[in-house]
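Asker: Single-letter residue listing:
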Amino acid sequence: MVFSSLLFLFRYLPVVLLLYFLCPKKLRNLLLFVVSLIFYAWGEPVYVVLMLFSTAVDYTHGLMVDHFKRAGNLPAARRAVASSMIINLALLGFFKYTDFFIGNINALFGTEIPLLGIALPIGISFYTFQTMSYTVDVYRGEAKVQRNIISFGAYVALFPQLIAGPIVQYKTVAEQLDERHEDFDKFAYGVTRFMTGLGKKVLLANSAGIIWDSVSGGDLTSLPVLSAWIGILAYTFQIYFDFSGYSDMAIGLGSMLGFRFLENFNYPYMSKSITEFWRRWHISLGSWFRDYVYIPLGGNRKGFAKQIRNICVVWLLTGFWHGASWNFVLWGVYFGVLLIIEKLFLLKVLEKAPAIVGHIYTMFLVIVSWVIFALTDTSQLFAYLGALFGAGGALFDESSLYLLTNNVILLVILAIASTPLPKYLAQKLMGRLSEIPASLVQNLAYIAIMIVSVAYLVDASYNPFLYFRF
Amino acid sequence: MKNKLSVTTTVIFCAMIAVLSVASIFNPVRTFSETENRELQQMPEFSLKSLFAGEFTRDYETFITDQFVARDEWIALKTQTELLLGKKDTGGVYFCDDGYLIEKTEVDDERIAANVEYVKKFTETLSDRFNIRTLIAPTASLIHADKLPAYASIWDQAGLLDRLSAELDGFVDCRDVLSAHADEYIFYRTDHHWTTRGAYYAYTKLAESLGIEAITEDKLNITTLSEEFYGTLLAKVNVQTSPDVLEKYESTSQPTVSLDINLGLASADSLYVEEKLTVRDKYAYFLGGNDGLVDITTSVKNGRTLLILKDSYVNCMLPLLVNHYERIVLIDLRTFNMGVVSYLDSQYANIPDGSDVLLFYNASSFADNRQLVMLNK
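Taken in order, these protein sequences are the chains called A and B. The end of the first sequence is residue 470 by our numbering, with every number in the run present. The end of the second sequence is residue 377 by our numbering, with every number in the run present.
None of these hints come from the bench; they were simulated from the model. Just so we're clear, the structure is a prediction, and the values are computed from it rather than from any experiment. Honestly, I wouldn't trust all of these hints.
As the list claims (entries may be wrong) - With beta-carbon atoms standing in for the labels, derived distance ranges:
id	chain 1	residue 1	chain 2	residue 2	range
1	A	398	B	165	19 to 29 Å
2	B	348	A	398	41 to 51 Å
3	A	421	B	99	33 to 43 Å
4	B	50	A	72	51 to 61 Å
5	A	86	B	58	33 to 43 Å
6	B	243	A	365	52 to 62 Å
7	B	159	A	105	40 to 50 Å
8	B	110	A	27	56 to 66 Å
Every residue gets a Cβ at the ideal spot worked out from N, C-alpha and C, and that includes glycine.
Make the full structure from the sequences, and use the hints.
Answerer: Dropping the structure here:
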């Protein structure tokens, strides 16, 4: 199930909220566990088994790690962590990457091993990463072992962040699982975040997506420069509003239920360097790789050569995490190389240069990166990159002008919405109004977002789910 | 620590969700959308098999969307928002000058090429037995191209018609006659069909090609059927607009007809279905719909037979065509489950050699047609 659907808004959510707040506190985790499984099972009932398996594995491994640590047997505790890692990665590897490897082996050696054609279980990349973080956190003493399998199950399956993140590390919610407090402030904050996210996804991301699809669906070898730029700009906005919209909805739903999840996006398109971009984009993924790969490998503490190696490892993995296809590997390498160059000297240069230089530099490279990200077919990828710089022949044609005139208002709105400006203006306005008009304006604004979003969902000709590869 | 804003926000949100949920649950289930002219998803039947195949959940989601309370009003709100954003098309429809809505057709060049070949082969194979004509009617996106929004790119309909005109024997080109009357009311503003007047001009061209004497304007008996016709394109966008006018054209000495539908499955004694004037899709007044095989016998005693392979564009022209034939057989390949060549050779057809055979499609439905392969089977 996805949040941006009438099914979620007007069947699932009201029932879940009603049950949740009627339910005695002690049983709320059980309720969350059950309704989350239903959320997950919707459309893909079989794979629930997989998630239950992953839950059981990490629950028992957590207990084992804790037991060995208490007994002072650190090697055994380490083996338990390793065992959990291996099982999780094997799950992920089998379901996500098997066909990719078979395909490559076939291409390389001319063999004809049949593909397995496994459908990727939704959200598997998110929940395996979450459960791995748990055993490691227990081992490191950063989180207490969870003896209640229901609470642990609720953590793994928790429907707000289940299918598209953020990747909630166990230690950040450990206490909230057993002891959390729901109130009007948290609920109302959750509502505003959820509405913001819904609007971002349904109104902004989907509208931008229509532009991108119409551009990328045509013949890329004869794509005029103007169309190519409008297309990739639209995709740049689509992926941001879609992804950050999902995160907003997740954080909002979490807040309604009394949780506090960490932020996942912080105006990434305001960055002045690629290094800064990755501190603002999909923060939970970056933190995960930092805490569980980069730092354990030695981070930057073991000399420059090792640091470069560590960056390379992290970015190869980051790329590959996004999908089992070479373009994602290339995308990871692209950012790895840029980050190393920035570490070497560029960051210092950028700091001295006027801010605008950093903004242009960053956005240019980020936009180019989305071409690599969006097109899994390598020949299409290079055709599109070429089209951006004139390989398609014309600078513009009739259809580019139509794209431009038809979407110019939307593109301006998208650009403004990706900056902190709307929030700043809203706060200014709220500051000037006295309490009652302020609350009136705010509530009306969110009601409007909700109503228009529902209108777009009712006429749902286009409402894609972008993370089926993750 | 409760601040008032939090309480109001919470209450408003819960109330909205609750009201819309309850309203949508108790909204009466409709089987058919008049506005959209399509069957709506019904509550799917539950079975473990359909659940595990993902069919139940998918159909249930469609069910909720299709049956959502005040569905038409939501669609209208979406269109208004899009217009506010300066969009010149939405839901596959261009907003054009003079209040025209014109369909945005996506075509596949390979399919077009294949369809051209099917028609050529059909013509070549049967031209010594029958007198074959192909009429591919231009649509509003070609004839009213000047009304489209600036820079709107439409598929190359002219290219298709040029090609047919150059390569196909018996091609009836209606572009000139329609363009010459482009300032008249020849296409509906809210529907993808041509008006009966548009069809009349094409009819004169067709008559010329078939060597029959077209009914002249002074011998026409024109009746206004409805001034409240809201067409299928409007349904896709649901904007406020004035309705179209539906007319029928007959001759002053209109013959009587009797229809045999799908080999005796049904029969009728009129080309019209009066009840359709009370529903949304009033164009279906002509012939009622698109049955696979309709065999019409008229009171004209001239021994001539016409076979038409068709879409719905010809429906409003039929009242004129029946003036010239003793028998007209209509085949709609979308619902006719048989190859045309096998049909012609079968005992059911009984179409004498030397009869007129007409392929009659509008350019969009020709370009997107998936059944023309059946012509040669």
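Asker: Run the structure past the numbered hints and jot down the numbers of the failing ones, going up.
Answerer: Hints that this structure does not satisfy do not exist here, as all of them hold.
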